[in-house]
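Chain residues, written in single-letter form:
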Amino acid sequence: MSVNDIARILGGEVAGDGNLTIRGINSLEEAGPGEISFLTNPRFRDRIVNTSASALIIREQTPLYNGPQVLVADPKIAYVKVAGLFAPDIPPFAEGNDRAFRYESCSIGKDVSIYPSVYIGEEAVIGDGSILFPGVFIGNRVRIGKRTVIYPNVSILEDCRVGNDVIIHGGTVIGSDGFGFVQDGIQSIKIPQLGIVQIDDRVEIGANNCIDRAAFGKTWIKSGVKTDNLVQIAHNVTIGENTIIVAQAGISGSVKVGRQVVIGGQVGVADHLEIGDRVMIASQSGIAKSVCPGEIVSGTPAMPHRRWLRVSNLLARLPEMIHTVRDLEKRLNILEMEQHKE
Amino acid sequence: MSVNDIARILGGEVAGDGNLTIRGINSLEEAGPGEISFLTNPRFRDRIVNTSASALIIREQTPLYNGPQVLVADPKIAYVKVAGLFAPDIPPFAEGNDRAFRYESCSIGKDVSIYPSVYIGEEAVIGDGSILFPGVFIGNRVRIGKRTVIYPNVSILEDCRVGNDVIIHGGTVIGSDGFGFVQDGIQSIKIPQLGIVQIDDRVEIGANNCIDRAAFGKTWIKSGVKTDNLVQIAHNVTIGENTIIVAQAGISGSVKVGRQVVIGGQVGVADHLEIGDRVMIASQSGIAKSVCPGEIVSGTPAMPHRRWLRVSNLLARLPEMIHTVRDLEKRLNILEMEQHKE
Amino acid sequence: MSVNDIARILGGEVAGDGNLTIRGINSLEEAGPGEISFLTNPRFRDRIVNTSASALIIREQTPLYNGPQVLVADPKIAYVKVAGLFAPDIPPFAEGNDRAFRYESCSIGKDVSIYPSVYIGEEAVIGDGSILFPGVFIGNRVRIGKRTVIYPNVSILEDCRVGNDVIIHGGTVIGSDGFGFVQDGIQSIKIPQLGIVQIDDRVEIGANNCIDRAAFGKTWIKSGVKTDNLVQIAHNVTIGENTIIVAQAGISGSVKVGRQVVIGGQVGVADHLEIGDRVMIASQSGIAKSVCPGEIVSGTPAMPHRRWLRVSNLLARLPEMIHTVRDLEKRLNILEMEQHKE
Numbered sequence: 001m002s003v004n005d006i007a008r009i010l011g012g013e014v015a016g017d018g019n020l021t022i023r024g025i026n027s028l029e030e031a032g033p034g035e036i037s038f039l040t041n042p043r044f045r046d047r048i049v050n051t052s053a054s055a056l057i058i059r060e061q062t063p064l065y066n067g068p069q070v071l072v073a074d075p076k077i078a079y080v081k082v083a084g085l086f087a088p089d090i091p092p093f094a095e096g097n098d099r100a101f102r103y104e105s106c107s108i109g110k111d112v113s114i115y116p117s118v119y120i121g122e123e124a125v126i127g128d129g130s131i132l133f134p135g136v137f138i139g140n141r142v143r144i145g146k147r148t149v150i151y152p153n154v155s156i157l158e159d160c161r162v163g164n165d166v167i168i169h170g171g172t173v174i175g176s177d178g179f180g181f182v183q184d185g186i187q188s189i190k191i192p193q194l195g196i197v198q199i200d201d202r203v204e205i206g207a208n209n210c211i212d213r214a215a216f217g218k219t220w221i222k223s224g225v226k227t228d229n230l231v232q233i234a235h236n237v238t239i240g241e242n243t244i245i246v247a248q249a250g251i252s253g254s255v256k257v258g259r260q261v262v263i264g265g266q267v268g269v270a271d272h273l274e275i276g277d278r279v280m281i282a283s284q285s286g287i288a289k290s291v292c293p294g295e296i297v298s299g300t301p302a303m304p305h306r307r308w309l310r311v312s313n314l315l316a317r318l319p320e321m322i323h324t325v326r327d328l329e330k331r332l333n334i335l336e337m338e339q340h341k342e
Numbered sequence: 001m002s003v004n005d006i007a008r009i010l011g012g013e014v015a016g017d018g019n020l021t022i023r024g025i026n027s028l029e030e031a032g033p034g035e036i037s038f039l040t041n042p043r044f045r046d047r048i049v050n051t052s053a054s055a056l057i058i059r060e061q062t063p064l065y066n067g068p069q070v071l072v073a074d075p076k077i078a079y080v081k082v083a084g085l086f087a088p089d090i091p092p093f094a095e096g097n098d099r100a101f102r103y104e105s106c107s108i109g110k111d112v113s114i115y116p117s118v119y120i121g122e123e124a125v126i127g128d129g130s131i132l133f134p135g136v137f138i139g140n141r142v143r144i145g146k147r148t149v150i151y152p153n154v155s156i157l158e159d160c161r162v163g164n165d166v167i168i169h170g171g172t173v174i175g176s177d178g179f180g181f182v183q184d185g186i187q188s189i190k191i192p193q194l195g196i197v198q199i200d201d202r203v204e205i206g207a208n209n210c211i212d213r214a215a216f217g218k219t220w221i222k223s224g225v226k227t228d229n230l231v232q233i234a235h236n237v238t239i240g241e242n243t244i245i246v247a248q249a250g251i252s253g254s255v256k257v258g259r260q261v262v263i264g265g266q267v268g269v270a271d272h273l274e275i276g277d278r279v280m281i282a283s284q285s286g287i288a289k290s291v292c293p294g295e296i297v298s299g300t301p302a303m304p305h306r307r308w309l310r311v312s313n314l315l316a317r318l319p320e321m322i323h324t325v326r327d328l329e330k331r332l333n334i335l336e337m338e339q340h341k342e
Numbered sequence: 001m002s003v004n005d006i007a008r009i010l011g012g013e014v015a016g017d018g019n020l021t022i023r024g025i026n027s028l029e030e031a032g033p034g035e036i037s038f039l040t041n042p043r044f045r046d047r048i049v050n051t052s053a054s055a056l057i058i059r060e061q062t063p064l065y066n067g068p069q070v071l072v073a074d075p076k077i078a079y080v081k082v083a084g085l086f087a088p089d090i091p092p093f094a095e096g097n098d099r100a101f102r103y104e105s106c107s108i109g110k111d112v113s114i115y116p117s118v119y120i121g122e123e124a125v126i127g128d129g130s131i132l133f134p135g136v137f138i139g140n141r142v143r144i145g146k147r148t149v150i151y152p153n154v155s156i157l158e159d160c161r162v163g164n165d166v167i168i169h170g171g172t173v174i175g176s177d178g179f180g181f182v183q184d185g186i187q188s189i190k191i192p193q194l195g196i197v198q199i200d201d202r203v204e205i206g207a208n209n210c211i212d213r214a215a216f217g218k219t220w221i222k223s224g225v226k227t228d229n230l231v232q233i234a235h236n237v238t239i240g241e242n243t244i245i246v247a248q249a250g251i252s253g254s255v256k257v258g259r260q261v262v263i264g265g266q267v268g269v270a271d272h273l274e275i276g277d278r279v280m281i282a283s284q285s286g287i288a289k290s291v292c293p294g295e296i297v298s299g300t301p302a303m304p305h306r307r308w309l310r311v312s313n314l315l316a317r318l319p320e321m322i323h324t325v326r327d328l329e330k331r332l333n334i335l336e337m338e339q340h341k342e
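Protein chains in written order, with the numbering used here: chain A, 1 to 342; chain B, 1 to 342; chain C, 1 to 342.
These are computed hints drawn from the structure, not numbers from a lab.
A couple of the hints might just be wrong.
To be verified - For lysine to any residue, the following SDA-like pairs were computed, each having C-alpha atoms within a straight-line distance of at most 25 angstroms:
hint, chain 1, residue 1, chain 2, residue 2
1, B, Lys76, A, Phe44
2, C, Lys218, A, Gly34
3, A, Lys256, C, Ile189
4, A, Lys218, B, Leu85
5, B, Lys218, B, Val182
6, B, Lys76, B, Glu241
7, B, Lys330, C, Met337
8, A, Lys81, A, Phe44
9, C, Lys330, A, Asp327
10, A, Lys81, C, Val182
11, B, Lys110, B, Lys146
12, B, Lys190, C, Ile77
13, B, Lys190, B, Lys146
14, A, Lys81, A, Asp5
Here chain A stands alone, though its shape is the one from the complex (with noise of 0.2 angstroms):
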């Protein structure tokens, strides 16, 4: 591929030599001959000046690289594009699917690719091109979509429905049972969890999620989800479209999460809230009261975010506060002994 053939494929311009040919792409740092490199935020405008690779995706033109330059409005939407171009194919499995199992009542779509060790369970549906990595368990009448790929030893229980071009990453459970039990003085009856999960299309859920169904109804990740590794999201949950969840969070039962959400880190959000649509909740926060929309939140418990930087700073300073305190006490004491002497 030459950098020509990358500018066309962007709508970009070329400066220099566009017949050289490209074979990868890698940051300005560790990129080599016969990779491009691309510059996304000028604040890293000097590691151009020492970079190796052959040539450049950039906004403007810069006399700081002698290579050829492929100039684009958005060098961060292109060099995810032309990552795209050199990143590998994820690798159907091509043999025979005698090594998995699966009842004679699931529906395989075409060009699915099944690895070993894969069980699909009975009236399960697994629609065209998606593809099932070894130790993947399809639960009974579970519905699969399009396009989407599962990563080994996820689990996806009785049930659950997950869309089109859905990626779910190695560990993942869906359709746990939700933790609802009651109480009968000592003992924890459980509560049947009767619901499902059901994943809309193009979400993307990390490595060793816990998904877990509902009680009634559905725990539902709309379109476009986004979900790091290691996140809880309990039964009943409603997480809106595009939201994006960060690693190690936590969503409590039956709680609404709105479109355009950012859940930071290590958030744990309390049952039955709602979250607004486009919060922004910064790691680690507690959050025990719902959110309204378009607010920044951090800290447990939560405050606008502003807030939270200042209540932070003055966590640090408690001791010289408290010293303070305790000297205008002293003084405040000798001001009135003599006021009473007079």
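We have chain A already, so just place chains B and C on it with the hints.
Leaving out everything else, chains B and C in the frame of chain A:
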């Protein structure tokens, strides 16, 4: 199943047409024709008016609802019982088990379901009626009791013991090595973990939990304990009867947790502590000292819950407090100067 | 094995009957006849009196114990050595590997154990003496070193590299995609993750960890690192030699952690930071700024540990502090009024 049948099972009375056929149970909002619903919390009384449920489980007859009502002393317990009637059975695996691997020396009880890709080690024992889903690993000499359900891709390592009527959700690892090292100047030398994990009867372990084997003796999860997803239980921990541990909590090594304790989500408990019976720990708390029986604690560092509520309220007001202190300081400076002038 | 044998291996001296046969090692409380025990911490000296151990490893001979004593310079190191003598070997899988799947193009060393339901991808390399437990997934072109143990249901995705003498506990996912997206107004566009994970020699990774592949280059876990369970390591992170990461900690993208660092349980480290060599981070801390070598930090936001101890003590006393400030305010009001009257 008729409304009369359900009332009989619950030991309740019917107000209205008891002959109506019921084919499921659902929440007030989601119930449709043919489904029974329930009111467990008077707070949601107004939802009765709009429900499409065909029958209602309730404490006392209500004029807000026209259909048949099943009157019971405890609607929550009643709901759980009825949900159990309609919950699908966990499907046994009826096919031959030539797709699972097991040693001749293992002992399999009656009516055991062994799904494909299960591995059962030497001298392992599986009790009557237990179900091992695909990808379950049972190490050498592991003992599993009766009617225990082990969901997909769970690993139970050598010598561990699991009781009767236990449920272990997908991806959980039981019996991994405790995290114990001796520092030899620079490197960490692994301390062999020679103990086991023992899980008693009627325990339910969530998905993707980690319960480490003891250095010596056992890590012990006593009967009736329930853990949510992504819980970490370190080596030599004891969890007392009927204790509940919510998602993403972590219990450090050698901690002794009493019975009927509730440990909230994302709580951390430092090593070698004792958590007394019936303690409640609010979510995200950091427990650095032992907690006496019956205490309710919150926060980091943990304190009595009521105090934490006040402290956490004050936290957000630290900036104003600092402001007040500085103001006092200025006014005091002026007063002192005036005093000196005199 | 006799007490004399053990003393010889440890390079220690025997006080008492060295001919006694020892068949195991246990803690002072749990040891029984035939077992040797040890005192590593003088604090537990009184436990010696009640132990039923048949022999004792100790620094200096004690009159509190009647049985044979093995005197060594460092009882902790000695205990680890003796525990190693009695630790069961990790069982190799001697049976044929027709129940595992592997491509012709992979390369398997000598004395490798491949359990059933293992998957080994194209051109993968497994070094001599390594053990792959059931459900292990080895992606295409993955390289595993010698004497490495990979426990059940671990996934190691394409192109990742694992060194010699590594232990990876159950359910861990290595090489899942880094969590990288470009925002296109509303949707998140996936950034292809073209790098790998490299794990060097003598690393031990806990159960249900997630270690993401780099966007470019590698996520790098250097030799001797030990991670506990449920740890998250994001893309492009480097963890320096012999660093320890306790359970449920999360390290965000592109963080550089030095060598011999100790990161406590449930710690979160924000992206792109540098954590210097030998830093210690207390559990549950939130690290938002880089930390200089040798520092000991705690809290959220992180501060020097000693300061955090004072701050966290003061936190619980905030209500009294507020009370004092209000009291000062009132008294000052009175003083000012009196002053004005004059």
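Okay, the hints, checked on the actual structure:
1. B:Lys76 to A:Phe44: 61 angstroms, violated
2. C:Lys218 to A:Gly34: 19 angstroms, holds
3. A:Lys256 to C:Ile189: The hint holds at about 24 angstroms.
4. A:Lys218 to B:Leu85: The given pair, whose Cα atoms are some 20 angstroms apart, holds under the 25 angstroms limit.
5. B:Lys218 to B:Val182: 20 angstroms, holds
6. B:Lys76 to B:Glu241: 23 angstroms, holds
7. B:Lys330 to C:Met337: 16 angstroms, holds
8. A:Lys81 to A:Phe44: Holds: Lys81 (chain A) and Phe44 (chain A) sit about 21 angstroms apart, inside 25 angstroms.
9. C:Lys330 to A:Asp327: 16 angstroms, holds
10. A:Lys81 to C:Val182: 11 angstroms, holds
11. B:Lys110 to B:Lys146: Judged against 25 angstroms, a Cα distance of about 9 angstroms means the pair holds.
12. B:Lys190 to C:Ile77: Distance of about 10 angstroms is within 25 angstroms: holds.
13. B:Lys190 to B:Lys146: 35 angstroms, violated
14. A:Lys81 to A:Asp5: 13 angstroms, holds
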